[in-house]
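Based on these hints, arrange chain L on the given structure of chain P.
Chains as they are written, first to last, in our numbering: chain P, 1045 to 1373; chain L, 58 to 442.
Worth double-checking, as some hints may not be accurate.
Once the Cα atoms are required to be at most 25 angstroms apart in a straight line, the calculated SDA-like pairs of lysine to any residue come out as [as the list claims (entries may be wrong)]:
(1) 83/L to 362/L
(2) 83/L to 1196/P
(3) 1186/P to 112/L
(4) 1352/P to 306/L
(5) 83/L to 1084/P
(6) 1186/P to 268/L
(7) 397/L to 362/L
(8) 83/L to 1123/P
(9) 83/L to 1347/P
(10) 1186/P to 115/L
(11) 1352/P to 362/L
(12) 1112/P to 93/L
(13) 83/L to 1112/P
(14) 1084/P to 93/L
(15) 1186/P to 106/L
(16) 1352/P to 397/L
(17) 83/L to 1197/P
(18) 363/L to 223/L
(19) 1084/P to 212/L
Reference listing, derived: stretches of chain P covered by chain L, where coverage requires no fewer than 3 residues with Cβ under 8 angstroms from a Cβ of chain L [said to hold, decoys possible]:
(20) 1082-1096
(21) 1253-1262
(22) 1265-1279
(23) 1340-1350
Honestly, the hints are just simulated from the structure, not real lab data. Ideal Cβ positions, reconstructed from N, Cα and C, are used throughout, including at glycine.
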Amino acid sequence: MNLELLLRLDYPLTRLIIGLLGVYAFVGINALVLVWVERKVAGHVQLRPGPLHVGPHGLLQTVLDAVKLMGKQLVAPAGSDKILFWTAPILAFTPVTVCFLPLPFDPHLAPIRMNLGLVLILAFSGLGTLSLYLAGWGSNNKWGLLGAARAVAQSLAYEVPLLLSVMAVAFTAGSLDLYEISARQGGWPWQWYGLKNPLAFFIFLVCAVAETNRAPFDLPEGESELTAGFHTEYSGMGFGLFFLAEYANMIIVSGVAAALFLGGWQGPFLPGAWWFLVKIYCILLFIIWLRWTYPRVRFDQLLNLSWKWLTPLALLDLALAVVVAGFGG
Amino acid sequence: MHAFDPTLLRGDRASVRFEPGPAEDKLILSMGPQHPSTHGVLRVMLELDGEYILRAEPILGYIHRMHEWMAEQRTYYQFMPNMGRVDYLQAMAWNWAYAGAVERLAGIEVPERAEYIRVIVAELNRISSHLVWWGAYLLDLGAFTPILYAFDDREVILDILQDVTGSRLTYSYFTFGGVYADVPADFAPRCLAFTQRMRSRLPMYRDLVTDNVILRGRCEGIGELSVDQARRYGATGPMLRGSGVASDTRRAEPYGVYDRLDFRIPVYPQGDAMARYLVRTDELETSCDIIDQAVAGLPDGPFAAKTPKTLKPPKGEASFAVEAGRGKIVVHVRSDGSPKPYRVKLRAPCFSNLSVFCALARGVLLADAVSILGSLDLVIPEIDR
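Same shape as in the complex, but just chain P (with noise of 0.2 angstroms):
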């Protein structure tokens, strides 16, 4: 293999490289941000400023919280499984990032563009479930052991109704590339899926929130049921990790939500990538939002609500996209 070859920047390698850097200071940063801004919303919404002292507005509060996870010493619990224990938060946080490379910020701002982009990131988002089962596994801890099981009984239930909703949308694009898919829409808001499909939206929205493990749907977490849930036994770093995958992966939904639904980086004036952030951003606010204003679902309800309610509308949602498809294309 030739260095030549290798700096060149279209060559597959070396594009991979270039993107999975991108990847992790795009994530590195955003998380740090969104945690401050998880903050500052909590903060406001329960009459309270938030992080204030460290830096302005304590932007620098997550920075710090950081530094003190990295210097914390790692813990790992008698009779734990120790390859396991320290396997889960690296898998939690791995395919998180290989989910970001098919996201396209921009029409040239892809890490890679691929036509099944939307297949790999369905397929990498659910070895996430894994990371949590191992580590309440792994960890020797009857609440990990119990968040453990919440977590694969949630995620397979919604797993169901996401995919369908996706697969309405990528019927009515006719492609499975989400570069494709946010092209076929429009820079105006009627012309996006969101509003021509608002149940698949609808759904999404609900079944991201699910996927992700948050609140009202923090079941595996479920703090003031399974004290900390799958990540009891978990200190410093290993901890941080399963932090930095729960808001990366929140990006990720909040991006593919964006290129599906709200028209990726297309909008007026402002240049698209920046547009592709401010629509992260907003999906990310209302998620947020729902965090600290719901109380948490019973597990049984939290089923219900996918098999009874979420997975038949999807489907019948399914059967319109392909009606419509058929008939109109």
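Below, chain L without anything else, positioned relative to chain P:
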């Protein structure tokens, strides 16, 4: 995960005593004493089948401080501060029960102004206690925000009580024959301003929290307590009123000036966690009504009767019942004529209310057990005493 091996828990008497039952594939789980939703240091041993609870057994004694024994070592006056520590959220009610019992024993008459002040501060304290419960219960159900709104309201009460008593939590404001000091001049307008504020906040809480679909789903039909069961376990207060019995010590055996005040007793017949929730949130409103009336009727006069420096009640015994936020408090005092009580018996409502939990938690999900435990409104130091 290893099978449950009792020898691993050697030396932990509570766990070893909790032998696994006959069911197969069960999990013995120790919930607490450090668990976010056991509110302090309650420990509950659970036998689980999946997430369903086969058996639950509360284990007490982690914060036992021997208050009843301490009473025998101290003079009547010296024991008063202990009462605030029995239930830190409702110090006024416990102060009142003890002061009332000793007054009955020694035959001390309480001036009218003191009685009115007692009613006002006790009702303020009841509101602050219910607000803490409200916030903490919703925290148990996974809603983070309401507790900060509850504490925002409670702050106003604590500020009022701080100016009256000099203390924000363990007041020791009552003394035999009245209260320790007169209220400041701006006390009445501040109380009225608070009740007005509280009333304006209640519709918001009802719309945003009580009528929420998820909250209703988590509370309705959960932990149904029948009247018969409630009576057998000795459950009192909102527990009993949530089961449809209009039982309130303030109405049944009026003390203070409650017989002169007009107030509603909220009763809900369902007996589930939602009924208990609604009883307590309604009581926020009735307490505001009582405060308004008592402030309007606050007479002039002395705030305490003259009592001797060393109180030596005559031989005999007396008890005094008070309706606290959590149920019926009874303090029974026996005197042998010396400056120290011969025996003080404290009847804590939470102890009886907690004993219902074993029956209610059988066969429910772990998440429901947390909801039930929260709806009992427990203060663990009061159970252990």
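Against the structure, the hints:
Of the supplied pair hints, the one linking residue 83/L and residue 362/L is violated, its CA atoms being roughly 62 angstroms apart against a limit of 25 angstroms. Taking the CA atoms of residue 83/L and residue 1196/P, the gap is near 20 angstroms; set against the 25 angstroms cutoff, the hint holds. For a cut-off of 25 angstroms, the pair hint linking residue 1186/P to residue 112/L stands: about 17 angstroms separates their Cα positions. For the suggested pair residue 1352/P and residue 306/L, the alpha carbons sit about 47 angstroms apart, so the restraint of at most 25 angstroms is broken.
The suggested pairing of residue 83/L with residue 1084/P is violated, with an alpha-carbon distance near 43 angstroms, which exceeds 25 angstroms. Of the pairs offered as hints, the one joining residue 1186/P and residue 268/L is violated, with about 34 angstroms between alpha carbons and a cut-off of 25 angstroms exceeded. A C-alpha spacing of about 21 angstroms is found between residue 397/L and residue 362/L, which places the hinted pair at or below 25 angstroms, so the restraint holds. Between residue 83/L and residue 1123/P the alpha-carbon distance is near 20 angstroms, which keeps this suggested pair within the 25 angstroms criterion.
Straight-line distance between C-alpha atoms of residue 83/L and residue 1347/P comes to about 23 angstroms, which keeps the hinted pair within the 25 angstroms bound. Of the supplied pair hints, the one linking residue 1186/P and residue 115/L holds, its CA atoms being roughly 19 angstroms apart against a limit of 25 angstroms. Straight-line distance between C-alpha atoms of residue 1352/P and residue 362/L comes to about 68 angstroms, which puts the hinted pair past the 25 angstroms bound. This hinted pair checks out: residue 1112/P and residue 93/L have alpha carbons roughly 24 angstroms apart, not beyond 25 angstroms.
With a C-alpha separation of about 39 angstroms, the suggested pair residue 83/L and residue 1112/P falls outside the 25 angstroms cut-off, and the hint is violated. Among the hinted pairs, residue 1084/P with residue 93/L is consistent with the structure: their alpha-carbon atoms are about 24 angstroms apart, no more than 25 angstroms. Taken as a hint, the residue 1186/P and residue 106/L pair is honoured in the structure, with Cα atoms around 12 angstroms apart against an allowance of 25 angstroms. Restraint check for residue 1352/P and residue 397/L: the C-alpha separation of about 67 angstroms exceeds 25 angstroms, so the hint is violated.
Only pairs whose Cα atoms come within 25 angstroms are accepted, and residue 83/L paired with residue 1197/P is accepted, the gap being roughly 19 angstroms. Straight-line distance between C-alpha atoms of residue 363/L and residue 223/L comes to about 22 angstroms, which keeps the hinted pair within the 25 angstroms bound. A threshold of 25 angstroms between alpha carbons decides the hint, and for residue 1084/P with residue 212/L the separation of about 22 angstroms falls inside it, so the pair holds. Check on the segment 1082-1096 of chain P: 5 of its residues sit with their Cβ under 8 angstroms from a Cβ of chain L, so the three-residue criterion for coverage holds.
Three residues within the 8 angstroms Cβ limit are the bar, and the segment 1253-1262 of chain P against chain L gives 3, so the coverage statement holds. Requiring three or more residues with a Cβ within less than 8 angstroms of a Cβ of chain L, the coverage given for the segment 1265-1279 of chain P holds, as 6 such residues are present. Taking a C-beta to C-beta cut-off of 8 angstroms, the segment 1340-1350 of chain P contributes 6 residues in contact with chain L, enough for the three needed, and the coverage statement holds.
The structure is inconsistent with the numbered hints 1, 4, 5, 6, 11, 13 and 16, although it conforms to all the rest.
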